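Peer 1: Residues per chain, in single letters:
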Amino acid sequence: MKFTLHIWRQPGPEARGQMMTYRIDGITGDMSFLEMIDVLNERLIKDGIEPVAFDHDCREGICGSCSMMINGLAHGPERGATTCQLHMRSFRDGDEIYIEPWRAKAFPVLRDLVVDRSAFDRIVQSGGYVNVNTGGAPDGNSLPIPKADADKAMDAAQCIGCGACAAACPNASAMLFVAAKVGHLGSMPQGQAEQSARVRTMIATHDREGFGHCTNIGECEAACPKEISTEFIAGLNRDYIASAVKSAVKGEARGGF
Amino acid sequence: MSATSSAINPKGPRTETATANPIAWVCDYLCSSVGQKVLVAITGTLLVTFVLFHMIGNLKMFAGPESINKYAYFLKHDLGAMIWIARGGLLGCFLLHLTLALWLKSRATAARPIGYAYGGNAQATPASKTMMQTGLVVGVFVLFHLAHYTFGTVHGVPSPDGKGETNYLDLQYKMPDGKMVHNVYAMVVAGFSTPWISLVYLLCQIVLFVHLSHGIQSAFQTLGLVNRRFVKVARALGVGIAGAIVAGNFAIVIAIWGGWVK
Ligand code: HEM
Ligand code: FES
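Here the protein sequences line up with chains A and B, keeping their order. Numbering follows numbering that gives the first Met the number 0, in which position 18 of the first sequence is assigned residue number 17; successive positions increment by one, without gaps. Numbering follows numbering that gives the first Met the number 0, in which position 99 of the second sequence is assigned residue number 98; successive positions increment by one, without gaps.
Hints in this document: simulated from the structure, not taken from any laboratory. Hints may contain errors.
Straight-line alpha carbon distances no greater than 27 Å define the calculated DSSO-like cross-link-like pairs of lysine-lysine that follow [said to hold, decoys possible]:
1) LYS261/B with LYS69/B
2) LYS146/A with LYS104/B
3) LYS151/A with LYS231/B
4) LYS69/B with LYS178/B
5) LYS69/B with LYS104/A
6) LYS10/B with LYS104/A
7) LYS225/A with LYS128/B
8) LYS104/B with LYS69/B
9) LYS225/A with LYS231/B
10) LYS249/A with LYS104/B
Here the structure is a predicted model, which is why all the values come from computation and not from measurement.
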């Protein structure tokens with residue numbers, strides 16, 4: 000298969016970038032999208048050109064590194080797939096493919112397709128965890144958790160933090176990411192205890208990092224390689240309103256985290 | 000406190016902490032993107048409620064001059080101070096909705112300084128992506144509507160002798176009990192007998208429908224009132240309520256324009 004690739008090239012964080020066009024052939028439908036870029040990079044290296052920088056790690060759809068916008072869709076056209084799980088058979092021979100980095104103020108481009116996603120780390124650091132005292136491990140079944148709750152927590156916990164939600168959102172909002180973390184912890188009794196403070200602090204960090212707000216457009220849900228539902232955003236909003244009311248009525252402490 | 004006390008941490012009034020500060024609560028909750036979005040949703044829902052009842056009230060046009068003129072008189076004169084409370088509340092909702100929506104939008108624009116070379120969409124509806132444009136049209140329309148019927152400054156009723164016009168607000172109607180009241184019926188008929196005015200109203204109603212067809216279901220989501228089971232219901236409710244508002248208002252304009260209501 001042959002393709003014409005338009006790829007964002009930017010030598011460094013402060014440097015000016017531009018779309019560059021490359022033609023590539025000898026690609027088979029069984030190659031993953033990343034393997035296709037590997038082939039391109041080998042050729043570029045042979046020609047003495049700087050290869051295209053992109054993030055990747057597991058190449059099995061679980062780490063969330065392989066972030067790129069492919070023809071205007073985060074992780075390309077396949078539903079529920081990361082870029083490394085996207086195969087070239089999803090394209091037609093001779094297609095033009097536009098490859099761009101995630102675009103958000105909170106995700107500055109480091110080089111070519113690589114962006115700095117540490118904004119997500121800072122959001123998690125501001126509440127995306129459960130405080131537990133160390134000590135003897137409790138008995139496994141001492142805390143009854145209904146299967147439905149465990150399932151819901153698992154649905155949200157699938158989030159691999161790739162950033163596709165924020166990249167796909169017309170407002171560059173990372174609300175689906177925050178909702179997944181909050182929904183995952185809040186579905187379990189261990190996480191419930193701190194949920195009220197968690198929603199406030201994580202949203203505060205989300206806003207401070209420069210992400211936009213949610214207008215319920217739903218592009219994030221379509222982009223998410225783990226198909227996390229915007230239902231979790233409704234849940235986040237519910238918990239946020241509950242937290243505001245609780246804090247106003249009960250004068251609940253601001254602290255917690 | 001005794002002046003001679005040398006206590007290091009003397010007893011006295013309660014010391015203030017951050018948790019005791021109401022302003023801190025406002026800053027924490029109402030200044031965040033979620034808090035402001037919730038306010039946009041609440042004010043939007045109140046505006047929808049108003050627009051819905053406004054439309055139902057206007058349907059009295061079909062019940063004849065006496066019915067709508069009596070209703071209008073009741074709203075304006077029998078409610079006393081209530082009408083000013085309602086007007087103030089509406090104005091407040093309108094301004095809060097508008098300012099917060101525009102403020103959030105400016106933040107969202109800043110959140111993506113460099114756009115994509117290749118635009119793509121997986122499931123976004125056109126209505127959801129044009130809330131700002133449709134909202135601004137609705138906002139301008141509301142001002143026009145007020146100038147037209149509340150202040151009577153857009154258009155007048157041509158006098159029967161062909162010379163000059165009568166101001167909308169000077170139209171009088173004699174109730175069966177002999178009381179003279181404002182003739183709202185004649186005013187509305189005069190308005191929608193004018194094609195360009197009818198056209199403006201019809202077009203703006205369509206824009207309002209687009210704003211609300213996303214807005215109502217979006218408000219359900221923003222207020223956390225949906226889950227996977229009821230999201231479809233919220234969507235249907237949104238289109239249904241928006242449709243009912245627009246259908247009712249359309250009926251009045253078209254009935255007059257077409258000459259069925261005179
Ligand atoms: C001054 C004119 C208006 C402007 C500029 C405006 C603008 C907007 C914008 C930009 C949004 C999306 C907010 C966001 O998601 O960030 C919105 C939402 C909404 N608007 Fe308006 N609007 C206006 C008037 C109205 C009116 C008159 C109504 C009701 C009849 C209304 C009902 C709603 C509703 C229900 C929402 C949904 C709230 C949500 O997404 O949770 N708006 N408006
Ligand atoms: S490389 Fe790990 S998810 Fe794609």
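Peer 1: Between LYS225/A and LYS231/B, does the CA-CA distance stay at or below 27 Å?
Peer 2: Satisfied, since the Cα-Cα distance of roughly 22 Å is no more than 27 Å.
Peer 1: Please verify whether LYS151/A and LYS231/B have alpha carbons no more than 27 Å apart.
Peer 2: holds, 20 Å
Peer 1: Taken at face value, is the distance from the CA of LYS104/A to the CA of LYS10/B at most 27 Å?
Peer 2: violated, 50 Å
Peer 1: Given the proposed pairing of LYS104/B with LYS69/B, does the C-alpha separation stay at or below 27 Å?
Peer 2: violated, 43 Å
Peer 1: Please work out if LYS225/A and LYS128/B have their alpha carbons no farther apart than 27 Å.
Peer 2: holds, 24 Å
Peer 1: Sort out whether LYS104/B lies within 27 Å of LYS146/A, counting only the CA atoms.
Peer 2: violated, 40 Å
Peer 1: Between the alpha carbons of LYS261/B and LYS69/B, is the straight-line distance 27 Å or under?
Peer 2: holds, 18 Å
Peer 1: Does the alpha-carbon distance linking LYS249/A and LYS104/B stay inside the 27 Å limit?
Peer 2: violated, 33 Å
Peer 1: Check whether the Cα positions of LYS69/B and LYS104/A lie no farther apart than 27 Å.
Peer 2: violated, 57 Å
Peer 1: Hey, LYS69/B versus LYS178/B, does the alpha-carbon distance stay inside 27 Å?
Peer 2: holds, 11 Å
Violated hints, in rising order: 2, 5, 6, 8 and 10; the structure is consistent with all others.
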